[in-house]
Amino acid sequence: MNRTALRFALYLSIIALGIAAPFIVPGIRTQLSFLWIMIVFALTWDILGGQMGYNSFGNVLFFGVGMYACVLIQQHSGLSYFPALFVGIAAGGLVAVAFAALLGWGILGLRGHYFAIGTLGLGIAAAEFASGWDLIGAGSGLVTPLYPGAVGGRETFFYFPCFILAIVTFLSLRRLYRGRFRLAINAIRDDEDKAEAMGLHTTLYKTVAWCIAAFFLGLAGPLVGNLIGFIDPRDVAFASSSYGVWMLLMAILGGKGTLWGPVIGAVVFHITQELFWTYLLGWQRVALGLLVMLIVIFFPTGIVGWVRERWPERFGQRVDEQAQRTADQ
Amino acid sequence: MIMLETQNVRKTFGGIIANHDISLQVDEGSIVGLIGPNGSGKTTLFNSIVGQYPIDRGSIRFRGNEISRMRVPTIARLGLLRTFQQTRIYGGMTCVENMQASVQQSQHSWRRMLSDVRPEHTEKAENLLQFVGLYSKRHLFAGDLSFGQQKLLEFAMALMSEPKMLLLDEPTAGINPTLINGLVDRLQRVNAEMGITLLVIEHNMNVIMNLAQRLYCLAHGELLASGTPEQIRNNQNVIDAYLGAH
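In order, the protein sequence lines correspond to chains A and B.
The opening position of the first sequence corresponds to residue 1 in my numbering, with each subsequent residue numbered one higher.
The opening position of the second sequence corresponds to residue 1 in my numbering, with each subsequent residue numbered one higher.
The set of hints was computed from the structure by calculation and includes no laboratory data.
Do not take every clue at face value.
Claimed, not checked - No more than 25 Å apart at the CA atoms, straight line, and that leaves these computed lysine to any residue pairs for SDA-like: (1) B:Lys124 with A:Leu176; (2) B:Lys164 with B:Arg88; (3) B:Lys124 with A:Gly179; (4) B:Lys164 with B:Arg186; (5) B:Lys164 with A:His201; (6) B:Lys164 with B:Arg61; (7) B:Lys124 with A:Phe315; (8) B:Lys124 with A:Arg318; (9) B:Lys124 with A:Glu313.
Unchecked claim - Short derived list, chain A residues pointing at chain B, Cβ under 10 Å: (10) Gly53; (11) Arg175; (12) Arg178; (13) Glu196; (14) Leu204.
Stated by the list, open to error - Label-pair distances were calculated between CB atoms; the ranges are: (15) A:Phe315 with B:Gln104: 22 to 30 Å; (16) A:Ala16 with B:Met194: 51 to 59 Å; (17) B:Asp144 with A:Leu294: 23 to 31 Å.
By construction, the Cβ of each residue, glycine as well, lies at the ideal position given by its N, Cα and C atoms.
Extracted from the complex, chain A is given alone in its bound form (with noise of 0.2 Å):
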């Protein structure tokens, strides 16, 4: 076979496994959920962190705008229950863009550990900010509208959004990162100053950037508050020392920089950190620190970047044997 027929027939697999698992394993379709979800956050946070050189540990602040926005609609819009959530989530995806826009045009001009400083405050500031506002339900948090089907429905129902989401959120990254935003995007992860002195429109890059992973976590946002039904400020929608941290370690645990790893990463995390829970209860937070410690020590360019440091030929980078020996010649 083929790489693309191999490839193809690993998409399928992926999809069909996808869309069967809530029903072979239903007992556990909610953490499965999570899992979409924590592929989502890899891939996002890998956007800037990876491939642009830009870590960020405010990301979770576009996942907890968009929850917020989505919640609201759903309790003062006046539509019925499906209506209101459509509504929301595109609502959640949209207020996270302008989010990530307003705020890019001030915090991408720092570089580096400075960009890292600026956006950590963010996902805490919106944590504290969120908590002391009473029109969305201040420290004590949101409820989400019950859901109008049967009990244990809401579990399958918001399975296959989260499910779609990873997908869709994959696919988009791939066609992106196949074309020139990914050129540009490393460049000015490799060298900001050259890539301006070639003047490419680094400001917009950057921006754009940043909005494309707003728009995936805005989505993700609402999923989640829905699957849960009941938003915390600081323990679910803003959850900086949770799914903030979650992101990044995902992404390096995988492999930042590349396509695959971040998925890698989340799947091997989730499961992980689930078996943590369930065999290790009370130690899970001591197991989980000791496991980061372990991927930062050896796997610093992640497992992805591990295997391609070890067959670097099978990702393309080769000198080429014929070209050298007319060279030569």
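Place chain B on chain A using the hints.
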């Protein structure tokens, strides 16, 4: 036609005057050299021209347009590019990708931003890599190349974006002697065949005397002399400050 003209450009860093009222002129299609001892302000002048440093006084005109208040990417898109003394390439990308990322950016649109790399650009990238002698290394990470090879790659990247004028900061530094001859030949071909005007900072006197039609010599931030290579070679001020007696 005058390609680039600076008039009384002054740049200070605190109390240090790095460029003291420098006026020079580069005609379209010519090759002009900029020489002078280390610390005489050559690279500072380059940085001022391309918009990296805001100048304190004076005027810089590129093809008749005042560019002294423009930002770096804007000036680059007008077709005035520079290469760096310490080479700057995109280390984590392959040579071909480095080239593809350097496609001219002057016509921008959203569709182009999100589009695929065009096949003719790939072809052009490979032709230019062939031109500088890096074709066989085209699928290697640029960061794994030697310093000299990176220098050649940076030169090729500049050509990729089809500039009207190139400012080259010590193009032969760190390149082995046999390659230097090839490089000089390539610079001349770039000038003659592609019609790119060149302003070159160079310490290798053999190279610059053969290459340039006109030379400017800086010392201590001031313009010491200008003229043909012959005139510069025999200028007593230049000999005292820079060339030394042979």
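Each hint, compared with the structure:
no. : hint                               : verdict
1   : B:Lys124 with A:Leu176             : holds, 22 Å
2   : B:Lys164 with B:Arg88              : holds, 20 Å
3   : B:Lys124 with A:Gly179             : holds, 17 Å
4   : B:Lys164 with B:Arg186             : holds, 16 Å
5   : B:Lys164 with A:His201             : holds, 19 Å
6   : B:Lys164 with B:Arg61              : holds, 14 Å
7   : B:Lys124 with A:Phe315             : holds, 23 Å
8   : B:Lys124 with A:Arg318             : holds, 20 Å
9   : B:Lys124 with A:Glu313             : holds, 24 Å
10  : Gly53                              : holds, 9 Å
11  : Arg175                             : holds, 8 Å
12  : Arg178                             : holds, 6 Å
13  : Glu196                             : holds, 5 Å
14  : Leu204                             : holds, 8 Å
15  : A:Phe315 with B:Gln104: 22 to 30 Å : holds, 28 Å
16  : A:Ala16 with B:Met194: 51 to 59 Å  : holds, 54 Å
17  : B:Asp144 with A:Leu294: 23 to 31 Å : holds, 28 Å
Checked against the numbered hints above, the structure breaks none of them.
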